[in-house]
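Peer 1: Chain by chain, the residues:
There are 4 protein chains.
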Amino acid sequence: MSKKVSVGIAGASGYGGGELLRLLMGHPKVSVRRLSAESNAGERLSSLFPHLPDFGIFEKTSDVSSWNDLDILFTALPAGMSSRIVSTLPRPHPVVIDLGPDYRFSDPDDFRRVYRMDHGAPETLPMSSYGLVEWSRESIASSRYIGSPGCFPTGALLGILPFLKAGFLGKTPLIVDGKSGVSGAGRGLTIDTHFPEIAEGMKAYKPLLHRHVPEMEHAMKIVSGESVNVVFVPHLIPVNRGLISTIYLPLLSHVTAGMVTSLLLEYEKQNPFVRIVDSPPSSAHVRGTNRVDIHAAMGKELVVVMTAIDNLVKGAAGQAIQSMNLVIGEDETLGLPVWGYYP
Amino acid sequence: MSKKVSVGIAGASGYGGGELLRLLMGHPKVSVRRLSAESNAGERLSSLFPHLPDFGIFEKTSDVSSWNDLDILFTALPAGMSSRIVSTLPRPHPVVIDLGPDYRFSDPDDFRRVYRMDHGAPETLPMSSYGLVEWSRESIASSRYIGSPGCFPTGALLGILPFLKAGFLGKTPLIVDGKSGVSGAGRGLTIDTHFPEIAEGMKAYKPLLHRHVPEMEHAMKIVSGESVNVVFVPHLIPVNRGLISTIYLPLLSHVTAGMVTSLLLEYEKQNPFVRIVDSPPSSAHVRGTNRVDIHAAMGKELVVVMTAIDNLVKGAAGQAIQSMNLVIGEDETLGLPVWGYYP
Amino acid sequence: MSKKVSVGIAGASGYGGGELLRLLMGHPKVSVRRLSAESNAGERLSSLFPHLPDFGIFEKTSDVSSWNDLDILFTALPAGMSSRIVSTLPRPHPVVIDLGPDYRFSDPDDFRRVYRMDHGAPETLPMSSYGLVEWSRESIASSRYIGSPGCFPTGALLGILPFLKAGFLGKTPLIVDGKSGVSGAGRGLTIDTHFPEIAEGMKAYKPLLHRHVPEMEHAMKIVSGESVNVVFVPHLIPVNRGLISTIYLPLLSHVTAGMVTSLLLEYEKQNPFVRIVDSPPSSAHVRGTNRVDIHAAMGKELVVVMTAIDNLVKGAAGQAIQSMNLVIGEDETLGLPVWGYYP
Amino acid sequence: MSKKVSVGIAGASGYGGGELLRLLMGHPKVSVRRLSAESNAGERLSSLFPHLPDFGIFEKTSDVSSWNDLDILFTALPAGMSSRIVSTLPRPHPVVIDLGPDYRFSDPDDFRRVYRMDHGAPETLPMSSYGLVEWSRESIASSRYIGSPGCFPTGALLGILPFLKAGFLGKTPLIVDGKSGVSGAGRGLTIDTHFPEIAEGMKAYKPLLHRHVPEMEHAMKIVSGESVNVVFVPHLIPVNRGLISTIYLPLLSHVTAGMVTSLLLEYEKQNPFVRIVDSPPSSAHVRGTNRVDIHAAMGKELVVVMTAIDNLVKGAAGQAIQSMNLVIGEDETLGLPVWGYYP
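Chains as they are written, first to last, in this note's numbering: chain A, 22 to 364; chain B, 22 to 364; chain C, 22 to 364; chain D, 22 to 364.
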């Protein structure tokens, strides 16, 4: 049996970090060596994650610069922090897979414009790749830095890109109406995520202004070469996990229902985590899995594409591990759940 | 003090009926005299509605034809049943306010096409009105039959009509992405509304095909004279009450943010249950009220209008009582809650 | 028509304060004149409570000492703060109805022992009363200071006291297993009330150690003269509102089912907000009301009493207004909902 | 590698069956060969369980009598049906592991008294065992029929039995206050499990009368030889999964906190799925796992034991597989999750 890869997680005390831990603990080729947290440094793992075994203590995120025993470093940190840490890592440093936004744009100016701060290691961007595995397997496999996509862009792009790439789309804008469970807002306390404020309610937030819009547009430019405008309104829904995207795509008039069906079935065939389903997918059916379930409904010169993912798995930790599998030369599905639990 | 109007409810054992009862019991000008149910006929009120006092027994819906002591009859019955009952009522019969679809179309052919059954009393349609009070006060006040709007059309139309009527809209289609709480699906048992199937999940249903689409298009035709196409995808969200609509409206290029703001503030001024709010409205903030909260976000030649209602109040029972108030010559707000409970 | 009483609320920005506002705004004999908050001083009402109209601005709680135009002052403040404010009020000062714990014990030493701080106005305690209306109407009506009960003691005592007072109870301890919705934990942000931490979960907290235990025991001593031990375990349940108490009471061997039924029916007859129901009460059926629903199941020398209240109404704001009604000489039910909304 | 055991599931279309499928599909020593359902016979697996792959079709439960290729047959059927099917199986027939109640009592008269029907195969009861693995490993390993415990008895007994067996308990009755998620009520449609009837509510049901009481008392008799009375009140809580039990145990006066701690730590050491935790366990922390988390709080001659399980795993499917592992000579933990997902 081959040697296991040595993995660390910087910023492991949030929900994305916890999900990384859960999945990596069960991954047959991985040994988790290092964990860091910010305000929770010094705490035991089981005190922050009572659903996990008590196998370690969180170091300080500022200590990451001394971690010299890793093959892979996952970073799940606020914008700008991952790239700042990267610039302090010992050389040659591990492959970095960032669950934050620092490696989602190839141009540091785009990052600055969207996040209103400087990128911490612009010299590393030429060696980076956007980690949407279904659409960039080769570049991910050979990258040193991977920008794992945001949860909303994941759900939206997985539904849009087949149509865009096939040249089926008519005049834009594309409209993406996203609905996310509350874990997508993170583990930090806010009034909007205080139970009585959101339970038994639902609402849109940041309509048209979410930072995931430029991320989506950038990814579409990379894949198709075209500049596409996205109209995006995210919503907060009182469930823990789950993200559904309802995507309204204008079609060129020659595109038939049969062409759409063929396109999607081929898409499913090429991608182990894509499943085409017969009715609008429920987020409950992909819970705990790295799958995306997709359904399309044809209208007049329009197709409505509905996608469902688990925001913490396919939308964060699982997708990052899917990238890691390519980096370490394994099958992209290794250690990742295709099937989930229900109810 | 003036005499109270005498009211009956046919089909009072569902959620719409229960909400009618709750609100009418507190209405200063109403005396509830009659209740009917189908499979629950013979039961006491408090056994079906443990949140209400034990003030009566459900008669059979087939007995309604002998109810000759009413000024107003509310009907909350499956499609086609209200109009069939109407044709059996003693003459002159009470004003009928239907929470079902029988009086939502003025042409019986439209009803037949959408609901795939004949209308039970086509001769009454000329005396009927669509009960969206904010847009048809005069005709409601003088009608004998009122078709109270469906919950999704209510949420959508209250957001679309000011823009349509003002001539602000560019090329259609309009896109309406609706999200409803589970009480909107009624009290009948279905696998989709079995708690473990929907809790912690969310999904679209009947994309593009919902019967509320022709209802919306018909109402827009009446108000504006124009034929407008609607693309509509409803979603089921695991909350009890609440319905939000995210409406993507193309604007003509000369329409400015200032014009939109003025339009909405005037709309609020004219309508006691309309409130324009500074951020996307939460369904939790209108719970238990007959209000609609509206927020608009401007994009490029596009405005996203977000509306929130309580599907059982403004989307059903409250709106029907608002119509009744006009019929009996009272202020439209009488007995209807403007402010709600939270959390 | 008689003049309205002038009312202020100190600490009005939490859930208890918001519910007081909602109910007092609809009370026919009340005019709300003053509101205060601590960190939210200076904010408009509608920014903190989007479900309420925009009728005022929060003053600072430290300004309360200059409020000289009130008949009634409600205080909804952390332990010790109400009595400290009371000592600064202008004389003669308004009747104080405290939703916090400062007036729940008649002896300042008890308060100090339980809350580990000194009482702010021990000289006022002889003029105070415990505000459990069903068991102390006379003393409340003539008190200047009323300690409105905690939510758990309300639910438990309303189930226990009839049996204790009737002399039906056998050897103690009594066991109270309480389950509360999350609004009972208040509006302050904590990790335990962060949506993803409590949704889809449930747990006990502070088993045997909750400060509501000495409050329950003190109230039982006042009503019955006897010292009774209570074993109490509260639980946090992922609903917004609602509190159910499952109370295990040992019975003396001569107590029959008939005696229990008679006792409870008499109890219902004497108390407008008590309803005896035929099956275990759901918290959903009392939501939004000032009612307590009670059901008893007989075992062998044991009765299990189940009570359901809305923790924010009967367990807090509604019950405080019920006391106020007695103080101002009105019927105790005035302005308080007996019937609620469902679902 | 050793040959896989061949497994069938009769009654696989409910939640227990679905969870069996999910877990057995990932079990390294199992091959699932057969599935049956009643009204859903003929359906594809993925149409009933959209979270699972499409690997088969449900046969009719009446066909089970011809299944002659199985080593193990799981039955998840209504009371009385499993034993009736057993009597029709080909001989020698597979080891039967019943998730229903047919093998929970060793005496057919007990079964008849509790379930008001005759046992279908009383001649098989001498070869049966109660499948609470932690307390009957040897008898399970050598049984041909295993009665897997009910969900509430599992949660209660795992908390009570260490104390009972150690001789720590004082005068009974024991009080068990149980709280279950809605999946525990099964997949059949009922008004009580219709989403709007239970969401945002909570209530007790069948107080003192639940069929799990005699099951608990029977199991305690088997383990300790003593007759112990249980007072049990179950509650329905609006979560999908999870079951917590709050158990009030009278202690003999000589039992100290230190003795309790030692007892529990030894218990944890002996049992791979038992975890002793420092604070009241949340059902969220054991979700998806076969673990039981236990916490004890000492009172005066009383200990409150709180246990948390996933009702569909440790309370049903997982526990049944734990028994199967003993039957096939494997480690009891094989294929069973110890750690779960959160949130």
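No lab work stands behind these hints: they were computed from the structure.
Owing to the predicted nature of the structure, the values given are computational and were not obtained by experimental measurement.
Careful, some of the hints might be misleading.
A pair holds if it fits inside one copy or across any two, identical chains being indistinguishable in the list.
List time: in silico DSS-like cross-link candidates among lysine-lysine, alpha-carbon distance up to 27 Å [stated by the list, open to error]: (1) K242 - K25; (2) K192 - K321; (3) K186 - K242; (4) K50 - K321.
Peer 1: Are the hints correct? Go through all of them and say.
Peer 2: So, going through the hints one by one against the coordinates:
1. When the C-alpha separation of K242 and K25 is checked against a cutoff of 27 Å, the pair qualifies neither within a copy, at 37 Å, nor between copies, at 50 Å.
2. For the homomeric pair K192 and K321, the shortest alpha-carbon distances inside one copy (14 Å) and between copies (14 Å) are both at most 27 Å.
3. Proximity of K186 and K242 under a CA criterion of 27 Å is satisfied intra-copy only: 10 Å inside one chain copy versus 38 Å between copies.
4. When the C-alpha separation of K50 and K321 is checked against a cutoff of 27 Å, the pair qualifies neither within a copy, at 49 Å, nor between copies, at 49 Å.
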